[in-house]
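Protein sequences appear in the order of chains A and B. Taking the numbering used here, the leading residue of the first sequence gets 1, the next gets one more, and so forth. Taking the numbering used here, the leading residue of the second sequence gets 167, the next gets one more, and so forth.
Because the hints were derived from the structure by calculation, they are not lab data. As the structure is a prediction and not an experimental result, all values here were calculated from the model. A hint or two may mislead.
What the hints assert, rightly or not - On the chain B side, residues computed to face chain A include the following (Cβ under 7 angstroms):
(1) 287
(2) 288
(3) 292
(4) 347
(5) 480
As the list claims (entries may be wrong) - Chain A regions said to be covered by chain B (calculated; three or more residues, Cβ under 8 angstroms):
(6) 10 to 21
(7) 66 to 72
Ideal Cβ positions, reconstructed from N, Cα and C, are used throughout, including at glycine.
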Amino acid sequence: MEKNDKQKHTIGVLVENQPGVLSRVAGLFSGRGFNIECLTVAETHEPGLSRITLVTTGDQHILEQIVKQLNKLINVIKVYDFREIEFVDREMALIKVRAEPATRAEVLRISDIFRAKVVDVSPNYYTIEVTGNETKIGAILELLGQIGIVELARTGKAALARAKKN
Amino acid sequence: MKMKGAQIFFECLKKEGVEVIFGFPGGAVLDIYNEIPNSGIRHILVRHEQGAAHMADGYARATGRVGVCLVTSGPGATNTVTGIATAYLDSVPMVVFTGQVPTALIGNDAFQEVDIVGISRPCTKHNYLVKDVNDLARVIKEAFYLARTGRPGPVLVDLPKDVVQASTEFRYPKRVDLPGYRPTVEAHMGQIKRAYQLIRKARNPVLYAGGGVILSGCSDELIRLSELLQAPVTTTLMGMGCFPAVVKQQDGSTDLHPLWLGMLGMHGTYRANMAVQHSDVLVAVGARFDDRVTGKIAGFAPKAKIIHIDIDPTSISKNVPVDIPIVGDCKNALERFIAMAEEEPIEGLHELRAPWLKQIDEWRRTHKLAYKQEGEVIKPQFVVEKLYELCDGDAIITTEVGQNQMWAAQFFHLTKPRSFLSSGGLGTMGYGLPAAIGAQVAFPDRLVIDIAGDGSIQMNIQELITAVCNDLPVKVAILNNRFLGMVRQWQELFYDRVYCATCLDAAPDFVKLADAYGAVGLRATRPEEVEPVIREAFAVRRPVLMEFVVEAEEGVYPMVPAGKDISEMLLV
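Start from the sequences and build out the full structure, keeping to the hints where you can.
Below is the structure:
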């Protein structure tokens, strides 16, 4: 990767679960002119710890600064720089799509292909739950978009480093 | 034994060795103020909370200890923000306690309520809202620990009124538990070795020292290393005093230290900027490549391999790409360099270095910092030189911001760390007087001089009464040019001489003003009056305002226009 190439980049941040932590992280990005494409945060299995997964864009120099600045926050326990680590990431999307008599079967077929689930049904709409990486979510959105998406809610990415083999 | 939160507050301060706090009371902190008489801790009542923050800052910079201030909620808290940001940009250890409305009212837009934790988040090293009296002692312990360790900085602690009214058992934690905070103190030996191999081969090395040298207390190590390497030293504004500008000769006279380059950057000396631009190895020690230092980044030290020592990894390769980064405490890193330089000295050092030092000497001789004191009008530089001469350099200098600050840095030769207190990063006008008061509180018997301009002194002039009523004999030297001089200089050079909003012809009579406050007011309008005024000011043990009516349109030179290489200096 060239030094000045802007790239999307995923970062995991393990933080102390204290009031204001999210605001410290978000404030760091806005205050220093970094971008946040998406961000998820929730408690982990360890009491008192939360995990933030965020996706940002920037060249190598900016990413370097982001990682260092995150590490500098007192409530940040660990930063996972996924440039250097293999990782898995998933996102969930809820998609409310037009499902009239003529298109209903097609919506179900597409859902099947993507192993999505219909979680709410009404005379004219289905709400579909789909989980996957960015490419997969992008693909189903494109197909359902041709039929007619009414509303969309995405969780943003959650990511974990892959466990070492053997 | 159970104690009220307000009592616990002072018990904690005593455990931290706090002797003095700077503050201003109000509704939300009355419970704390109520305990001051029994606390054994001195309280300096300021006249504006910004003054309290700068005094705590000046106290901290002069002593190396943590400065403390205490203010009320709402406007009391917001008034400290400029002072907190000033300390943050210059890495000053400070703890600011703000009162807050009772926890039940937080978020209700209560009287004198403001979200100061939210407001101060980007300009503190860390901050806290204490919601339970049982957390109070731990939070205060952490606040002081964070303020003084690693890269120091201000920490704010917000104290709701009901929390300091509530009671609990007082237990001061023995240690802090901050799993996300582990500054790297020890410099990596492998990096030091790599760096030393570079330095060994260097022909034109320069040591570029910043405020980190003062913060980590390694002036002696810097001097030793510069001698071992015969490498000249330049400092940033924040580093002033960490390397002796002058040395006493055997006959008692003083001369510039042969390895001293002076300050670098926008108003740096010719030899410092030229040396950096011609260096082949530049060793940055506790400095952060600020834009006022580097000028145009792409053209900064173009021939040099850069070694950067800093305790804060975010400072490294932030502005300028670094060849050998060394994360660690400056003192630790310099000690390791010294050990290495003593073990493997550079062969034929003096012959190797002779051409470089000769070149630097030539730059020094051909391009001195100079001005001409002639005619009837006082030159501001002449005043600074006289201040220096008449106290034999033995003073703590504070400055305001602008031309006064740059002339102070150029013409007052400093020889000791913690003797030059100036708002470098934020550039806060109004810093000098309260900072001088803070320093004078710490050192009641030393000479403390605020070198000021007629513009900036008016930004916190109310603190003159704080000096008077606490018997703090600070000396303020106002270089009165009837202009916001530095802004006027930019208008002259880059804005077609449109002197919009920089003329301060309408000004108070500073002598009468001093008199009104109960201080001593003195004025010099002719060059021959400068020395008697300074002598008189130094002789009285009272706060003095000296007004020097100086040349109105004198500029600070050299000057590197913003965005140019630092070798492209305007010389007159």
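Structure-based check of all given hints:
{"no.": "1", "hint": "287", "in the structure": "6 angstroms, holds"}
{"no.": "2", "hint": "288", "in the structure": "5 angstroms, holds"}
{"no.": "3", "hint": "292", "in the structure": "4 angstroms, holds"}
{"no.": "4", "hint": "347", "in the structure": "5 angstroms, holds"}
{"no.": "5", "hint": "480", "in the structure": "4 angstroms, holds"}
{"no.": "6", "hint": "10 to 21", "in the structure": "holds (count 4)"}
{"no.": "7", "hint": "66 to 72", "in the structure": "holds (count 4)"}
In this structure, every one of the numbered hints holds.
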